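Enquirer: Go by the hints and put chains B and C onto chain A.
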Amino acid sequence: MSEDIILPSATSLSKLTIHDTSKTGFGYNPAIGPISNSITSETSSILINKRTITLSSAPSIYERNITNKKPVEINLSSLSFLFCEIVNWTHGQSRGIHDLEMKLNKLGYSIGQRYLELIKLRDGIKLNKRDLKIIDILHFIHGSFWKSIFGKHANELEKSQDVPNEYMIIENMPLLAKFINIPKDYADLNCGAFVAGIIEGALDSAGFYVNVTAHSVPMDGFPLRTVFLMKFDQSCLIRESIH
Amino acid sequence: MTIYSFFIFDRHCNCIYNREFTQTSAAGVNNGLINKNNTSHSSKLLFGIIYSLKSLSAKLISENELTSFTLGQSFRFHFWESVTSYKFVVVTGYDVDDMQQVLVRLHQYFVDCVASNGLTPVEFKWSANGEKLDNVGYSVICNNSFVEETDQYLQSLSIY
Amino acid sequence: MLYSILILNKAGGLIYQNEVNPGLNKLSTNDYLVLAGSLHGIHAIGAQLAPNIGDKTVPASVEEFNRNQNSSIMSTFKAQSPNTNRSGLQNIETSLFNLYIFQTVTGLKFMLITAPNPAEHKGELNKQYDMAHELFRQLYMLYSDFVMKDPFYSLDMPIKNPLFDTKVRELVN
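Chains as they are written, first to last, in our numbering: chain A, 331 to 573; chain B, 280 to 439; chain C, 172 to 344.
Partial list, computed: chain B residues near chain C (C-beta under 7 Å):
| # | residue |
| --- | --- |
| 1 | Leu324 |
| 2 | Ser336 |
| 3 | Leu339 |
| 4 | Ile340 |
| 5 | Glu344 |
| 6 | Phe348 |
| 7 | Leu350 |
No lab work stands behind these hints: they were computed from the structure.
Quantities reported herein were computed from a predicted structural model and do not represent experimental measurements.
Where a beta carbon is used, it is the ideal one built from N, C-alpha and C, also for glycine.
The following block holds chain A by itself, in its conformation from the complex (with noise of 0.2 Å):
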């Protein structure tokens, strides 16, 4: 037997040592991290010449027809990843909670504007109307829009008491924020600030100037609820009153 100096996180998992490449080109080596993993020219050879199987016999996303009403499906691991890199991407580029929240919310903005569009078109032609009254958009928002995006519609809707301007959508079980935990110091934050950009670019572009930012209401049995406050423009509301 060798009296090789033993790697602790290695050899368990094989006799690794820095120096080692996998014979495969795939394969991850704690010894050296996360470059073990890297595409190589070896590697890519490999990848470029192995015979690979379509799992799914359904076309690709770009063949199917954009009015296509059946829900599309994809996978909650994936989105919630791809959310965890851009909130933890967007935390690294803003200098505080809210910073970090704007530009959450710039992010969903360009969203909003574009599956407005989406979703309009998807309803069709002859159904599509226009809504103009503040209480039609709102209900189109806290029901289809938000359907469509998430497979379900808002648990609440509501309008302020006190303020004229004020409406609250309120969601329960937020998709996004579900394996998300806020640390102490960032007590304040809501990372639904994306979908409350998501609301607001929807708004904005269906002519309804709003501000749209998302509070955490805990209540018992939903510890994520969180309440989406949209506080429209005077001039919508001036519009209103004309109609």
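Expert: Chains B and C in isolation, oriented as in the chain A frame:
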């Protein structure tokens, strides 16, 4: 269900008896090795593991005793220590459960054939005046009756 | 009964420790770190020892095993057992507790410390292993969900996540 080997360590961390069983040949005299690996790397590693696990067990819950541990999907090490710090280890296949009684019985043979035998030393590495003996012959149990009796006993077990 | 759950990063540092039920000695955080480090080391020594014990007809080498596993994933697209703890220390039994170790492909180690098997269940080894393994699988899932998908967690650092704590508590109760 297999017995791979049998070790005894004394209180000076030395492997004083090592018996390896070969499963291939028919049961009989001297299949396998006797006292061939006493100073090998693996018997030192084994002692090291046992020593650390013993102190670790006592740390987590006081007055606790190590009874066995498993390496990978192939080996299970059964451990018993006498009050005089002789450590008995039997290596078996993965699926062998509790062997404490067997180890106690092996200690019985040790007492009968080694400790009670006036012609065999009980301290295997050190002379009476505390000097280290260089004579390797004293450092292991090479008592034929002990070897025979323990062999016979272990081979009579159903798990052998 | 489960006493404690430990998670070690790939360098042997303790990143999570949850005392589920009382029964173990009260140890300081530092003691736990030392404990985790020694177990990590013993695990590695065990992997060195295993191929040199008993008759030398040890199952396929690790490289070969990995290659087989890779090709089986490539051809069947089925997940393999996530436990890569093949030759290292697997479990410890003492008169007052049992300890089980599970290792993921990235070198992360999960450990469970449980009460010893009651006397009437002696001889049901495989059942215990299966139970421990099932719990490990669930824990690994919780870890991947609530720790890895948390944007505020940095890899290999201690896990201070109330959400994960809650889920672990739900799992073991």
